[in-house]
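Those sequence lines, one after another, are chains A and B. In terms of the numbering used here, the first sequence has 135 at position 135, counting the first letter as 1, and numbering is strictly consecutive. In terms of the numbering used here, the second sequence has 82 at position 82, counting the first letter as 1, and numbering is strictly consecutive.
No lab work stands behind these hints: they were computed from the structure. Wrong hints could be hidden among the right ones.
No copy labels: a pair is met if it fits in one copy or bridges any two.
As the list claims (entries may be wrong) - As a list, the in silico EDC-like pairs of lysine to aspartate or glutamate whose alpha-carbon atoms are at most 20 Å apart:
hint: 1; residue 1: LYS50; residue 2: GLU26
hint: 2; residue 1: LYS40; residue 2: GLU125
hint: 3; residue 1: LYS108; residue 2: ASP128
hint: 4; residue 1: LYS108; residue 2: ASP146
hint: 5; residue 1: LYS41; residue 2: GLU26
hint: 6; residue 1: LYS32; residue 2: GLU134
hint: 7; residue 1: LYS122; residue 2: GLU93
hint: 8; residue 1: LYS50; residue 2: ASP9
hint: 9; residue 1: LYS108; residue 2: GLU93
hint: 10; residue 1: LYS129; residue 2: GLU59
hint: 11; residue 1: LYS122; residue 2: GLU59
Protein chains: 2
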Amino acid sequence: MSSEKAFQDYYAPAFSHCYGCGPSNEHGLHIKSYWLDKEKKETFARYTPKPWHTGGYPENVYGGLIAALLDCHGNGTALAAGYMHEGRAMDSEPALRYVTGNLTLNFKKPTPIDGELEMRAKITEVTDKKVVMEVSLLAHGQVTVDGSMVCVRLPATRPDASRAAA
Amino acid sequence: MSSEKAFQDYYAPAFSHCYGCGPSNEHGLHIKSYWLDKEKKETFARYTPKPWHTGGYPENVYGGLIAALLDCHGNGTALAAGYMHEGRAMDSEPALRYVTGNLTLNFKKPTPIDGELEMRAKITEVTDKKVVMEVSLLAHGQVTVDGSMVCVRLPATRPDASRAAA
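Extracted from the complex, chain A is given alone in its bound form:
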């Protein structure tokens, strides 16, 4: 696993500044997403909340972090899905980037802050313009949040969008 490149590590320079998952953002969370099962189109990522990421109760994670973790994992998943849809490698040109069109989350149970969290996504539809998926968050192996995302492809019309601009 440690030798495998995360989806986010394929972002072109212009797309790598996201606070949640951009490798270039020094302050950021650096969320890293990977294939869980490529056949089943399932992906995962893991993140350990900081002690100050408390929510409504101090033993739980705050909702905004959960939304951010799933949002960034979803767009990373969409990236992988987009290249797969086009039948080309993740480091090929033109570089792809997706952003959130819709994020729908159901908070089923409180998410405890005392351990590593796992984000999951299952791709259900890919077109030239968007990727649709189901998402979920697990804590201690139990699903605490589920939902769905629609990620929209950005047009590759920026001069700095190419990796050659790095």
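Chain B: place on chain A using the hints.
Just chain B now, with coordinates in the frame of chain A:
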């Protein structure tokens, strides 16, 4: 406005640790929500993104922050709605607290990072168990994100939930 207490400043100690909006969280965002129009059941809050809160493109805000801002503003709005529903003051006992049941967001336009953002909520339904509302985010006076939230009331069964436990 500066003399008016924000909804979040009414949270009992046990409920004041949220990274997004808890007054007790030193590291947090300290989101402050207020009535915009009590008759119309509309609320607002404002937040200026930090330079590192960049998103897919560096001139835009990252989606996870947007979700966090609306999530915390929504639960603060639910708090005000809950006390109003019970016909009592926000500093009365027992202390109320809401957490997110559902968060649904539609990202209509990119949200620029170069200025103050405004979060809005309009309460559409209040019961003994939940508050339902429409939410939106504005940048430079334009709506960039809209959606809805269902906030669920937490049971007041914790000994530290009372302000007397402070």
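The hints, checked one at a time:
1. Proximity of LYS50 and GLU26 under a CA criterion of 20 Å is satisfied in both settings, with 16 Å inside one chain copy and 13 Å between copies.
2. In the homo-oligomer, the alpha carbons of LYS40 and GLU125 lie at most 20 Å apart inside one protomer (12 Å), although the nearest pairing across protomers, at 40 Å, exceeds that limit.
3. In the homo-oligomer, the alpha carbons of LYS108 and ASP128 lie at most 20 Å apart only across protomers (19 Å), although the nearest pairing inside one protomer, at 33 Å, exceeds that limit.
4. Only within a single protomer do LYS108 and ASP146 lie at most 20 Å apart by alpha-carbon distance; the minimum there is 7 Å, versus 22 Å between protomers.
5. Taking the shortest Cα distances, LYS41 and GLU26 never come within 20 Å of each other, neither inside one copy (30 Å) nor across copies (40 Å).
6. In this assembly of identical chains, LYS32 and GLU134 lie within 20 Å of each other by CA distance solely inside one copy; the values are 18 Å within and 32 Å between copies.
7. Proximity of LYS122 and GLU93 under a CA criterion of 20 Å is satisfied in neither setting, with 25 Å inside one chain copy and 44 Å between copies.
8. Proximity of LYS50 to ASP9 under the C-alpha cut-off of 20 Å is found in neither arrangement, the shortest distances being 23 Å within a copy and 24 Å between copies.
9. Taking identical chains as interchangeable, the C-alpha atoms of LYS108 and GLU93 are never at most 20 Å apart, the minima being 40 Å within one chain and 27 Å between chains.
10. For the homomeric pair LYS129 and GLU59, neither the shortest alpha-carbon distance inside one copy (40 Å) nor that between copies (22 Å) is at most 20 Å.
11. With identical chains, the CA atoms of LYS122 and GLU59 are never at most 20 Å apart, being 29 Å at best within one copy and 30 Å at best between copies.
Hints 5, 7, 8, 9, 10 and 11 from the earlier list are contradicted by this structure; the remaining hints agree with it.
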